[in-house]
Amino acid sequence: MSEQVSQLIDSLRAKAERGELLYIGENVVRVDSLEKVLGNPVYTADLIPRGTVYAKLFHSAVPHGVIRGMDLGGAKAHPGVLGVLTSRDIPGLNESSAVLPDRQLFADPVVRSTADILGAVIAESSPAAADAAAKIRVEYDPLPAIFDPLEALKPDAVKIHPKGNIARQMKIRKGDVEEGFSKSDIILEKTYRTQFQDATPLEPEMGLAIPEDGGVRVIGSMQSPHHTQAAVAKVLKLPPQKVRVIQAVTGGAFGPKSDETPYDVCSTAALAAVKYRRPVFCGLDREDSMVMHTKRHPFVITHKTGVSKDGTLIADESKIVGDTGAYASLGVFVIVRATFHTVGAYEVPNVKADSFLVYTDNTYTGSLRGFGGPQAIFAIESQMEELARRLGMDPLEFRMRNMLVPGKRNATSALMDESCGLPQCLEKVVASSGYREKAARYRNQTGSVRRGLGLALLMHGNSLGPEGNDYGAVHIEVLSDGSVSVGSGLTEYGTGAISGMMQVASSILGVPLSRFKLERPDTSKHRESGPTVASRVVVIGGNASKQAAEKLREKLLPLAAEMLKARVDDVALADGIAFDRRKPSQTLTWDSLVTEAYRRGISLKEDGFFMAPPAPWDQEVGQGTPYVQYTWGALVTEVEVDMETGYYKVVGVHVAYDVGKAVNPGGVLGQIYGGTVQGLGYAMMEELLHKDGAVVNPNLGDYYIPTSMDIPAEFKAFIVEVPGPLGPFGAKIIAEPPIVLPGPAVRNAVLNATGVSVDDLPVTSEKVLMGMKLMQAPRQS
Amino acid sequence: MTKRVITLNVNGTEHPVQVDAPDRLIDVLRDQLGTKSVKEGCSTGDCGICAVLVDGRLVNSCLMLAAQCDGRRVLTLEGLLNDPSMKRLQGTFMANNAAQCGFCTPAMLMASWDLARHSSDPSPEEIKVAISGILCRCTGYYQIIDSVREGCRGGER
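Residue numbers (the numbering used here), protein chains in the order written: chain A, 1 to 781; chain B, 1001 to 1157.
In case anyone wonders, no lab produced these hints; they're calculated from the structure.
Be a bit skeptical, because a hint or two may be false.
[Unchecked claim] Dumping the calculated DSSO-like pairs for lysine-lysine here, alpha-carbon to alpha-carbon at most 30 Å: (1) A/K438 / B/K1128; (2) A/K15 / A/K605; (3) B/K1128 / A/K716; (4) A/K76 / B/K1003.
[Claimed, not checked] Here are the in silico distance ranges between beta carbons for each label pair: (5) B/S1132 / A/S182: 48 to 58 Å; (6) A/E178 / B/T1044: 50 to 60 Å; (7) A/S87 / B/D1083: 51 to 61 Å; (8) B/T1044 / A/P155: 42 to 52 Å; (9) A/E640 / B/T1044: 28 to 38 Å; (10) A/Q169 / B/D1083: 57 to 67 Å; (11) A/S125 / B/P1016: 15 to 25 Å; (12) B/T1044 / A/S182: 55 to 65 Å.
Given the structure is predicted, the values throughout are model-derived calculations rather than measurements.
C-beta atoms are modelled at their ideal positions from N, C-alpha and C, and glycine is treated no differently.
Please build the complete structure, drawing on both the sequences and the hints.
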C-alpha cells in the first residue's frame, strides 16, 4: 500500500471518529466550472443549427385596450420574412400562465399592459425579423388604465380582469391587535413603498425549437423544463411526450426564468417550428426581456405597531398591497411569502395582516430572488428602526429584546426550536462591525461628512411551504468507467446548487465530485421534480440525491466486502477507494469495484425521491406552521454621507447567515456576496420606471445595476451553522436570502447618519438630499 | 447591399470573411467564425460581456463593425486556451467559485488576462477598474477579484 493511500485512510478514519462527513463542508470545484472558464458553447444561442429561422416577438403599444385591427402587410412583405404568427395560428390553447389562467400567449382581443405579446415575426435572420416587426401597425380602442394598485383596489375601479382586480387575498390573525394597541405606550403607523426591480440575468430568455417525430424538441434557458413542456404542449395541442424540453446551460435566472417568459419564447419557437418545418430561435434582446419578463412587485405596506415603554412589541397590524401588473403569474405565491414574513424575525403577541395581490395595467411582476421577502422585510425593519428612535432606545437593544430565539413564536404562531440561529448571526455582525463603539461615536456628528450604521435581521422560511407540494427526484447512474452520472428535473442556472446536491451523493459514495457528470435536464429522461425555485435544490434535491446514493452504496458494500474478505459493516467507501476499517491495508479501488459490479450484471442505477413534510397552514384562521425550517441572518451596513449633496456610499458590510450546514462554503459565500450586491442595487439604484404603463428605461444604460466600482470596500461574511431538521446534514437554503437585508440596512444607516427617513426604495442620493432640505426648511406655522 | 471581403486575424489565423457594412464584429465572430465564447448581453455596449481584444485593446464587439477590423488582430478566449497566464486565471476562477452562471466569465477572463499582461500584483482597486466595464449579476465581484489577484500573482494566494 502506498504512503499516500495510508495517509488518506488515516485522515478519513480521523474524520469518521470526529463524526465529520467526507467532502461536506469542503470548498469543492463545481461540476460546471470547467466548461464555463473554457467558454464552451453550451448556452441556448450557442446551439443554433444551420438553417434556423428567427422569431421576433412584438408587443402592445397601449396599456389597456381592445385590438381593433392589425396590419401585417408591411411585415409579411419584408425581405426574408416567412410569416407572422398571431393568436389565429395557435392550434391549442392561447394561454401562457403559471398558476391562474389569466394570461394569453398572444393577447387577443384585449391588451392589459404594454408587455402583452401580440405575435411574432418569423424571418431568415434576426435583423430581418426585427425590421419587419417594426412595420406592424396595430389599431386599438383604448380602455381606461390604472397604474396605482391602491386605485385598483377601490370598489368603483375599472375591472382589468372580469373577476375584478384582486388576484389573491390573504390574512394572518394572531391574538387581538385592538387589545394590544390599548395596552401599548407608543403606537406608530407608517407606510413604506418599494419599486419595480428587474432581475437582469445576463443571458436574456432564449428558446430554440427543432421539429422532430411529429412533435418538437425545445432547448432553452429556463429554471423549470417540465413546466415549460406542459405550457408548450398546451399551446401546440400536442401530447406532452411530443414536446421534449431540454434545459441548456442557463446564464442566470433569479426568478423570471421560473415564471411565464420561458413559456412565451419556447411556445413561440415551437409553434413556428411546427408550422414552417424549420428550426426556430426565439431569443429576447435586452429591451424585450426588460419589458416582457416579470419584475419584482412594487409593494405598499402600512404597519401600525404598538410597543410598551420598555421596548417590548405588543401588536402589529399591516396592510400589504402588491402590484402584480396585468397578470398574476407566480405573484400569487409571492404575496403569500411576503405575508408570512410581515413582522420578520420578531415575536409579536398580537398580529393582524391583510394582503392583496392587485391587478393594474403596469407590466406584470412575479418571481424574483427573495420572492416577497425583500418588500416585507424592508417595511418591518424600517418600522423597527423608527420605533427604536421614538422609544429613545438603541436599535440593537430594541431588536435583541424582541427577536425570535428558541421558544418564541413568529407571526403565524409557529414555535421556534433549537434550530433558530438568529442570535448567533447577530452576535457575529455586531462584533465584526464594532457596532456598539461606532454607534456611540456616530451619535453626535456635526461634520459635512457623516457616517451611520444600519441593522436588519432576517427570518426566511425555507423551500415552498404552502406554495405547493415540495419534492424532488434525482437519478444516479454509475457508469462502467467509474464515473457517476446524475440527472434530475431540478436545474442549475448559476448558483452551484446542483453541484451541492451532487456533493451530497459524492459524500455518501466516497467518490470525489470530479468524477461526477451532470446530465442536461431533459423531460424525456428525467422525472418531473417541481419548479427549481425557492433555493430548494440542496435541501430537497439533496435529500433525494442522498437517498439514491445510499441505495447504490447498499449494493456496492456487500460486493466490496466479498472482494476485501471483510464484514459488510467494516467496509468504508472513501475518496475513490473501498477499505476494511479493521485492516486498512486491505483496499480496493472504486473503479475495480464498479468493474466487478458490471461483470456480475449488478445494476448501478438508482432513483431518489424526497417530499418535504406538509407545512400545515389554516388559511381560514390565518395561523399555522407554513415552513419546516428557516434561514436566519443579520446585516450591519455602514454608510458615509456627504451632507451637502446627499451623495452617500456603503463603506462596510458585515453579514452572517445561519445556513444549517454549508455543503460547499465557497458556494455559500458566493451566494452571500452576489445576493448582497444585488440587494445593494435594489437598495440604492435599481428602479424600472413606468410612464403611462410603458417601461421608460428597459436597457442597461438607463437601468443601473452594480458594477465592480460600486461594491463596498469592506465586506465581512460569516457562515453560522445551526443544523435544521429538513435538509441533508442539517442544511438550510441560502441562494435567495442575501438579497433581502441590504434594502432596510442601507435605509436605516442613512437615517442614523442624517436623520432622514427614506420610506420608498431605492434610497437615492436625491431623496436623501431632499429629506435634509425639508428638515432644514423653516416650519410654516 | 453589396458584400465585401475583409481579412480578420482571429486568434492568430487570417480569415477572409464576407461582410455587409452594418455587420457587427460580434456577429461575424459568433456566426461565421464560431468563437462562441463571445456573449451578447445587451447589444448597446453597457454590459461588456462581448469584450474581445482588438490589436491588444479591450473592446465591446457589439459596438464595433466587422469592417472596422479589416486587417486587425482579434483575440478571443478560444485563442488563449493554451496561454499560461490564461490557464492560471482559469484555475483561480475555478478554485474561487468565480464563475456562477458563467455568462460573463469569458469577458471577465479577457479583461483579467489583459490586466495580467501589465501587472503581476494588481491591487483590488486596479482589478475593479480593469473589470469595471463588464457586468456580473451573480457573484457580486468579490470572488472574481480574488481570482484575478491570485491569477496575476502566478496562482499564489
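Status of each hint after checking the structure:
no., hint, in the structure
1, A/K438 / B/K1128, "holds, 28 Å"
2, A/K15 / A/K605, "holds, 29 Å"
3, B/K1128 / A/K716, "holds, 18 Å"
4, A/K76 / B/K1003, "holds, 25 Å"
5, B/S1132 / A/S182: 48 to 58 Å, "holds, 56 Å"
6, A/E178 / B/T1044: 50 to 60 Å, "holds, 55 Å"
7, A/S87 / B/D1083: 51 to 61 Å, "holds, 53 Å"
8, B/T1044 / A/P155: 42 to 52 Å, "holds, 44 Å"
9, A/E640 / B/T1044: 28 to 38 Å, "holds, 32 Å"
10, A/Q169 / B/D1083: 57 to 67 Å, "holds, 60 Å"
11, A/S125 / B/P1016: 15 to 25 Å, "holds, 21 Å"
12, B/T1044 / A/S182: 55 to 65 Å, "holds, 58 Å"
Hint violations for this structure: none, all hints satisfied.
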